[in-house]
Amino acid sequence: MNNSLLVVLIASGVAYGTPLLFAALGELLAERSGVLNLGVEGMMLVGAVMGFWTVQRVHATTGLTLALAMLIAALAGTVMASIHAFLVITLRANQIVSGLALTIFAGAVGLSSYLGNDLNLADQPAAHDFHAFLPKGMQDLAVVGPILFGQNVLVYVSWLCVIAVAVYLSRTRPGLNVRAVGESPAAADTMGINVTAYRYAHTLVGGAFAGVAGATITLAITPQWVDGITGGAGWIAIALVIFAFWRPELCLVGAYFFGALQALAPQLQARNITLGPTVLWTNSLPYVMTIVVLVVVSSGTARRRLGAPTALGVAYVREEH
Amino acid sequence: MRISVEQRLRRPRWLTVAVPVGSVVFAFLIAALVLVATAHDPVSTYRQLFDAAFRQKGSLDQTLIVATPLAFMGLAAAAAFRMKLYNIGAEGQMYLGAITGTAAGLYLGGRGGPSAFVIAAMVVAGCIGGMLWAAIPGILRAFFKTSEILTSLLLNYVAGYLLTYLIFESQSYWRQTKGFNATVFPTGKPLPHNAVWPGWTLHVQGGTTVPLGAFFAVLTAAVLWILYKRTRFGFEAQVLGDSPRAARYAGVRIRRKILAVMAVSGAIAGLGGASQVGDFSHALDGDPNGLQKLGYGYTGIVVAALARYNPFSAVLIAFLLGGLENAGNTLQGPSFPAGLVGVIQGIILFCALGGELLVRHRVRVTWRAKHVPATTAGAPETAA
Numbered sequence: 000m001n002n003s004l005l006v007v008l009i010a011s012g013v014a015y016g017t018p019l020l021f022a023a024l025g026e027l028l029a030e031r032s033g034v035l036n037l038g039v040e041g042m043m044l045v046g047a048v049m050g051f052w053t054v055q056r057v058h059a060t061t062g063l064t065l066a067l068a069m070l071i072a073a074l075a076g077t078v079m080a081s082i083h084a085f086l087v088i089t090l091r092a093n094q095i096v097s098g099l100a101l102t103i104f105a106g107a108v109g110l111s112s113y114l115g116n117d118l119n120l121a122d123q124p125a126a127h128d129f130h131a132f133l134p135k136g137m138q139d140l141a142v143v144g145p146i147l148f149g150q151n152v153l154v155y156v157s158w159l160c161v162i163a164v165a166v167y168l169s170r171t172r173p174g175l176n177v178r179a180v181g182e183s184p185a186a187a188d189t190m191g192i193n194v195t196a197y198r199y200a201h202t203l204v205g206g207a208f209a210g211v212a213g214a215t216i217t218l219a220i221t222p223q224w225v226d227g228i229t230g231g232a233g234w235i236a237i238a239l240v241i242f243a244f245w246r247p248e249l250c251l252v253g254a255y256f257f258g259a260l261q262a263l264a265p266q267l268q269a270r271n272i273t274l275g276p277t278v279l280w281t282n283s284l285p286y287v288m289t290i291v292v293l294v295v296v297s298s299g300t301a302r303r304r305l306g307a308p309t310a311l312g313v314a315y316v317r318e319e320h
Numbered sequence: 000m001r002i003s004v005e006q007r008l009r010r011p012r013w014l015t016v017a018v019p020v021g022s023v024v025f026a027f028l029i030a031a032l033v034l035v036a037t038a039h040d041p042v043s044t045y046r047q048l049f050d051a052a053f054r055q056k057g058s059l060d061q062t063l064i065v066a067t068p069l070a071f072m073g074l075a076a077a078a079a080f081r082m083k084l085y086n087i088g089a090e091g092q093m094y095l096g097a098i099t100g101t102a103a104g105l106y107l108g109g110r111g112g113p114s115a116f117v118i119a120a121m122v123v124a125g126c127i128g129g130m131l132w133a134a135i136p137g138i139l140r141a142f143f144k145t146s147e148i149l150t151s152l153l154l155n156y157v158a159g160y161l162l163t164y165l166i167f168e169s170q171s172y173w174r175q176t177k178g179f180n181a182t183v184f185p186t187g188k189p190l191p192h193n194a195v196w197p198g199w200t201l202h203v204q205g206g207t208t209v210p211l212g213a214f215f216a217v218l219t220a221a222v223l224w225i226l227y228k229r230t231r232f233g234f235e236a237q238v239l240g241d242s243p244r245a246a247r248y249a250g251v252r253i254r255r256k257i258l259a260v261m262a263v264s265g266a267i268a269g270l271g272g273a274s275q276v277g278d279f280s281h282a283l284d285g286d287p288n289g290l291q292k293l294g295y296g297y298t299g300i301v302v303a304a305l306a307r308y309n310p311f312s313a314v315l316i317a318f319l320l321g322g323l324e325n326a327g328n329t330l331q332g333p334s335f336p337a338g339l340v341g342v343i344q345g346i347i348l349f350c351a352l353g354g355e356l357l358v359r360h361r362v363r364v365t366w367r368a369k370h371v372p373a374t375t376a377g378a379p380e381t382a383a
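For the record, the sequence lines run as chains A and B. Residues in the first sequence are numbered from 0 upward in steps of one, following numbering that gives the first Met the number 0. Residues in the second sequence are numbered from 0 upward in steps of one, following numbering that gives the first Met the number 0.
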């Protein structure tokens with residue numbers, strides 16, 4: 000029963016969805032503060048390559064090495080995000096073009112590829128990786144075993160992050176302040192909230208999440224480094240924030256749905272199930288479904304309930320308000 | 000000391016040249032830091048880059064092979080970005096143009112028509128292919144207000160899978176099915192000789208071929224310039240880009256305009272795809288590590304942004320970045336890791352973006368005066 004296609008799809012949907020979830024949570028924080036960062040794909044790739052580099056080079060116990068790798072990945076993502084933050088917050092550059100520039104700079108034919116080649120990381124298995132760690136008896140439980148207990152520790156960490164972000168945004172003073180900054184920076188400024196500091200902080204934390212998301216791919220899902228390994232996951236994460244109406248708990252649902260879609264292609268292949276041009280449609284499905292859901296969400300009645308921060312994408316200049 | 004940034008009331012002319020040039024110089028300085036940090040010698044690296052791009056024997060030939068598609072991609076991005084329609088799907092639109100352009104070349108060329116006719120048909124087919132693929136995000140944006148950024152980008156991946164499918168996973172019209180090689184490694188069916196685009200050989204560096212596509216790119220730039228500077232269509236598109244509300248009050252038909260601009264942008268990218276096949280590969284390239292690895296569509300965004308969406312500058316920048324990219328391919332190896340060129344391009348783009356601030360604003364450094372009456376000095380400062 001635990002090998003049935005549906006259970007395996009849900010279980011691997013949770014696993015494949017975890018990087019999407021991390022990246023979406025980070026983007027959500029940045030966007031809630033009014034900064035649109037289209038550089039998620041690039042930040043993820045740099046996090047992915049630096050996390051992978053750490054496990055290949057550091058010789059320590061598995062747990063310590065992996066924790067360090069995640070830290071380095073988060074740091075790498077933060078550094079990447081700081082470029083975007085400086086350009087759009089301090090220099091007031093166009094947020095869309097700057098985000099695209101970040102993805103081109105850091106992306107599959109840029110910095111991440113440079114680092115991967117310069118540090119000789121390609122085509123090696125990871126020295127340490129994340130895998131299921133709970134007792135075998137729990138993992139073998141029918142249905143819930145593989146889905147809930149057969150996951151690696153990052154999955155459980157991501158659940159904690161969802162709760163933390165949700166509580167932060169709805170129950171704490173800084174969380175409420177950041178929402179004010181994203182909705183009406185001029186009003187927030189009048190209240191004595193430091194708009195620039197809030198925007199910097201949340202863009203950087205968003206970068207850290209993206210870095211962790213990238214390392215989740217290279218250390219938990221496919222433990223190796225290949226140029227452009229994220230394959231558009233960063234863009235799906237940006238779309239996820241829109242589907243989730245900028246709410247963290249809905250990001251979780253969306254991430255697992257798209258994770259399951261991504262898991263479909265390898266699963267069908269492993270089971271030799273073919274249905275027409277299988278490789279073509281299973282690989283395209285996550286992208287096509289993202290577009291379909293985006294269309295549904297952005298048109299008609301759904302749009303009215305959208306929680307898009309009002310000041311999203313707009314630079315705040317005190318003198319011009 | 001206090002540094003303040005104020006909007007410029009007038010923008011001096013010289014700044015529009017000085018800032019981009021300064022940005023590029025500054026970018027190469029920063030890239031030098033990256034090189035030093037990863038234990039490479041920046042001076043010799045830059046010299047090698049320049050030689051491999053423009054000076055070595057045969058380098059101009061190779062540079063044109065990269066610059067031609069980059070010019071199309073840059074023009075495609077410029078056509079849309081100028082109206083604040085962020086079509087980042089030029090990559091996928093190029094694949095589709097390559098697919099339809101190849102189909103026209105194979106079909107009509109195989110029947111032995113005159114070369115000029117076959118090539119004209121390939122151009123038209125390529126434009127239509129790119130246009131139709133761009134119409135998807137265009138329609139979604141015009142009628143459902145869906146962000147064209149995400150939809151056009153996501154379609155790039157779908158187009159890539161389609162391209163691979165046609166050559167590797169099916170017995171399609173585009174695939175070479177006869178001959179020994181076809182059984183060893185899947186390849187595209189080669190174009191008949193009358194569907195191959197001609198080139199003109201110049202006696203520079205012992206023979207440099209200027210491909211037909213390069214002429215088309217310059218022609219496209221001219222058409223685009225006229226379209227945006229001299230026609231009502233271009234004027235309305237720019238008004239819509241700068242202020243959608245003003246455009247609506249002025250009676251611009253917004254949906255139609257969005258569709259038209261996306262179509263123009265897609266058609267240019269599709270033409271680039273047809274040129275890619277007709278000029279260079281002479282067969283549809285479905286290899287995931289071939290055309291799809293080059294990322295011309297994304298570099299095209301860098302080209303357009305550096306050119307500040309001016310079509311003629313885009314062609315010039317495409318030539319320069321094409322040289323950089325070509326040098327990267329030539330030098331690629333242990334001492335020159337792949338990806339370095341992308342890093343340099345990214346840094347140039349960042350610097351150009353940051354430099355925009357200097358075009359639009361003026362940075363003023365004011366030193367605090369020695370004797371300032373307390374009443375005027377205190378209030379505005381402490382509020383900050």
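In case anyone wonders, no lab produced these hints; they're calculated from the structure. Accuracy of the hints is not assured; some may be wrong.
[Claimed, not checked] Below, simulated SDA-like cross-link-like pairs (lysine to any residue); rule was C-alpha separation at most 20 Å, straight line:
no.	chain 1	residue 1	chain 2	residue 2
1	B	K144	A	Y255
2	B	K83	B	T200
3	B	K292	A	D226
4	B	K144	A	V294
5	B	K292	A	G231
6	B	K292	A	Q223
7	B	K144	A	S298
8	B	K56	B	F232
9	B	K144	A	L311
10	B	K144	B	I253
11	B	K256	B	V183
12	B	K83	A	A314
13	B	K144	A	I290
14	B	K144	A	L120
15	B	K83	A	D122
16	B	K256	B	F232
17	B	K292	A	A307
18	B	K144	A	F244
19	B	K292	A	V313
20	B	K292	A	G227
21	B	K144	A	G230
22	B	K144	A	M288
23	B	K292	A	L120
24	B	K144	A	D117
25	B	K144	A	V292
26	B	K144	A	Q223
27	B	K83	A	R246
28	B	K228	B	T200
29	B	K83	A	N93
30	B	K292	A	V225
31	B	K228	B	H281
32	B	K292	A	G230
33	B	K177	B	H281
34	B	K292	A	V292
35	B	K83	A	N193
36	B	K144	A	V295
37	B	K83	A	V292
38	B	K292	A	S298
Inset, instruction - May I ask which of the numbered hints given earlier this structure violates, with the numbers listed in increasing order? - result: Hints 1, 2, 8, 11, 14, 15, 17, 19, 21, 24, 26, 27, 28, 31, 34, 35, 37, 38 not satisfied by this model.
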